[in-house]
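There are 2 protein chains.
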Amino acid sequence: MSKPIAIQGIRGSFHHEVVQHYFNGSNNVIECMSFDSAVDSLLNGKADDIVMALENSIAGSILPNYALIDKHDLKIVGEYFLDIQHSLMALDGQSINDIKEVHSHPMALLQCKVFLKKHPHIKLVEAKDTADVAKQISEDKIFGIAAIASKNAALMFGLNVLAESIQTIKHNETRFVIVKREHPEVNEKMLNKASLKFILDHKRGSLATMLNVMSDCKLNLTKIQSLPKIDTPWKYAFFVDVTFEEYKDYEKAKSIIALMADDFKILGEYKNARL
Amino acid sequence: MSKPIAIQGIRGSFHHEVVQHYFNGSNNVIECMSFDSAVDSLLNGKADDIVMALENSIAGSILPNYALIDKHDLKIVGEYFLDIQHSLMALDGQSINDIKEVHSHPMALLQCKVFLKKHPHIKLVEAKDTADVAKQISEDKIFGIAAIASKNAALMFGLNVLAESIQTIKHNETRFVIVKREHPEVNEKMLNKASLKFILDHKRGSLATMLNVMSDCKLNLTKIQSLPKIDTPWKYAFFVDVTFEEYKDYEKAKSIIALMADDFKILGEYKNARL
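If you read the protein sequences in the order shown, they are chains C and L.
For the first sequence, counting from 1, position 28 maps to 28 in full-length UniProt numbering; every step adds exactly one.
For the second sequence, counting from 1, position 229 maps to 229 in full-length UniProt numbering; every step adds exactly one.
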């Protein structure tokens with residue numbers, strides 16, 4: 001039997017939902033209370049994979065998770081895009097007017113700002129995990145408090161959905177990655193996307209030159225993000241995602257980038273989930 | 001007398017500290033409980049300026065604030081880099097062993113993760129504002145609870161500093177911007193930095209071409225961030241900061257970019273705070 005998958009949050013969370021989609025309905029997860037402890041599970045061999053949110057269309061990149069992957073030399077081996085739909089849920093027999101407080105993850109509260117502004121009688125309280133609040137409400141039979149979580153969580157913990165799809169931006173996509181300790185042996189033909197990190201001097205045109213190389217090698221850029229290198233003024237780290245059709249084009253680009261950039265690192269090579 | 005400056009948080013917060021540095025010791029602030037309400041103060045004319053955190057070296061860009069500037073067509077007119085130093089503070093007469101809970105902003109808790117892990121008996125509780133916790137502890141004489149905030153806040157609210165500079169990364173810089181409704185009339189010679197937004201088709205080399213133009217016009221890139229345009233697949237928005245020596249070089253670049261990109265927008269032209 002394969003080892004469990006470490007997730008941040010509990011069963012019923014969005015991370016769990018990604019596990020179910022990506023690993024064919026698997027429920028074999030280790031529930032971790034932080035991304036750090038999910039990484040610990042991977043490093044100490046309790047898990048073989050982590051599922052980790054990496055960016056979303058509202059808040060952008062989750063840089064602390066990039067930092068975890070980078071620091072521990074982990075490898076991205078897959079990705080999954082989940083359309084995050086938030087629901088407001090509470091114990092049965094209550095209307096929205098009975099709700100005094102809503103508890104949820106700060107990101108979920110932020111994403112539902114417009115809806116929550118329409119109900120100013122409800123106090124917002126930040127919590128660690130969206131699904132965990134739903135679980136607590138259900139287990140401890142707490143009236144007057146609502147959770148913001150997935151419909152999945154409502155179903156799992158027997159709560160009543162008071163309002164559906166309450167996030168401000170209706171198409172609310174989060175990109176999750178599947179992360180391992182080592183890059184597995186795979187057929188190169190299966191690979192058409194890569195996540196790269198490199199460091200450049202702050203010299204006029206240095207990034208343009210690098211992007212020209214990528215373009216010449218037929219790589220398509222799907223994401224770019226600069227990050228000033230702390231404690232090294234005038235050096236910048238770039239996190240870049242590229243897609244490609246031919247692995248050999250990508251290989252050529254890799255060898256040129258390795259010559260041109262300081263500290264070139266492949267964070268992962270995997271299959272583009274967009275195709 | 002000039003109008004007050006709207007900040008997120010209260011007096012004693014890092015935003016207030018930036019106001020004091022940038023506006024020559026001014027204490028004339030409107031304390032807002034969210035960035036949204038700070039923007040409201042600007043739009044309804046109660047304030048002439050907002051001070052707003054825009055990115056930091058750990059969490060990266062604060063995209064919701066970029067979105068606020070973009071949506072309301074506000075203008076960045078200045079920037080300030082503050083080295084954020086967190087202290088642990090509580091009422092007098094307590095040691096760290098007396099502390100049961102620490103309350104602070106999620107970002108501050110994240111930044112002090114390593115220090116807090118060394119004191120596992122302390123429960124972490126998320127709060128809205130760093131300085132506000134310090135104020136509450138002081139006003140309500142709450143023992144057993146500590147705040148993470150600036151030394152400034154400890155001084156202002158008469159708390160005892162139990163530990164200094166407790167953030168994991170010692171050099172912890174946040175970039176704040178000063179934002180107005182309209183771009184003021186200024187001498188072009190005073191300007192050497194700009195924040196730009198443009199949208200490109202997802203076509204191989206489109207960004208490289210744009211960066212080549214900037215490089216040819218002697219612009220230096222200090223930040224780049226891509227953001228997939230929600231609801232418009234295959235279009236990407238780019239947020240770019242550039243510095244330049246001659247305004248006429250920048251003007252030339254602007255006119256070329258305007259021809260090449262969709263939806264080109266100048267978020268602000270101002271003086272580089274790094275020089």
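It is possible that some hints are incorrect.
Same chains, same names: a pair is fine if it fits in one copy or spans any two.
Stated by the list, open to error - Derived SDA-like pairs: lysine to any residue, alpha-carbon spacing no greater than 25 Å straight-line:
no.: 1; residue 1: LYS118; residue 2: ALA59
no.: 2; residue 1: LYS223; residue 2: ILE266
no.: 3; residue 1: LYS189; residue 2: HIS119
no.: 4; residue 1: LYS113; residue 2: ALA208
no.: 5; residue 1: LYS218; residue 2: ASP40
no.: 6; residue 1: LYS265; residue 2: GLY45
no.: 7; residue 1: LYS135; residue 2: PHE238
no.: 8; residue 1: LYS71; residue 2: LYS118
no.: 9; residue 1: LYS71; residue 2: PRO120
no.: 10; residue 1: LYS128; residue 2: VAL114
no.: 11; residue 1: LYS203; residue 2: TYR270
no.: 12; residue 1: LYS203; residue 2: GLU185
no.: 13; residue 1: LYS223; residue 2: THR168
no.: 14; residue 1: LYS203; residue 2: THR222
no.: 15; residue 1: LYS128; residue 2: LEU267
no.: 16; residue 1: LYS100; residue 2: TYR22
no.: 17; residue 1: LYS117; residue 2: PHE244
no.: 18; residue 1: LYS189; residue 2: LEU43
no.: 19; residue 1: LYS235; residue 2: GLU246
no.: 20; residue 1: LYS189; residue 2: GLY78
No wet-lab data here; the hints were simulated from the structure.
Structure-based check of each hint:
| no. | hint | verdict |
| --- | --- | --- |
| 1 | LYS118 x ALA59 | within (22 Å within a copy, 30 Å between copies) |
| 2 | LYS223 x ILE266 | both (15 Å within a copy, 22 Å between copies) |
| 3 | LYS189 x HIS119 | neither (52 Å within a copy, 49 Å between copies) |
| 4 | LYS113 x ALA208 | neither (38 Å within a copy, 37 Å between copies) |
| 5 | LYS218 x ASP40 | neither (38 Å within a copy, 46 Å between copies) |
| 6 | LYS265 x GLY45 | within (24 Å within a copy, 49 Å between copies) |
| 7 | LYS135 x PHE238 | neither (40 Å within a copy, 40 Å between copies) |
| 8 | LYS71 x LYS118 | between (43 Å within a copy, 20 Å between copies) |
| 9 | LYS71 x PRO120 | between (42 Å within a copy, 23 Å between copies) |
| 10 | LYS128 x VAL114 | both (21 Å within a copy, 18 Å between copies) |
| 11 | LYS203 x TYR270 | between (32 Å within a copy, 21 Å between copies) |
| 12 | LYS203 x GLU185 | neither (38 Å within a copy, 31 Å between copies) |
| 13 | LYS223 x THR168 | within (24 Å within a copy, 28 Å between copies) |
| 14 | LYS203 x THR222 | both (24 Å within a copy, 10 Å between copies) |
| 15 | LYS128 x LEU267 | neither (28 Å within a copy, 34 Å between copies) |
| 16 | LYS100 x TYR22 | neither (37 Å within a copy, 41 Å between copies) |
| 17 | LYS117 x PHE244 | neither (44 Å within a copy, 42 Å between copies) |
| 18 | LYS189 x LEU43 | neither (29 Å within a copy, 54 Å between copies) |
| 19 | LYS235 x GLU246 | between (31 Å within a copy, 23 Å between copies) |
| 20 | LYS189 x GLY78 | within (14 Å within a copy, 50 Å between copies) |
When held up to the earlier numbered hints, the structure conflicts with 3, 4, 5, 7, 12, 15, 16, 17, 18 and fits the remainder.
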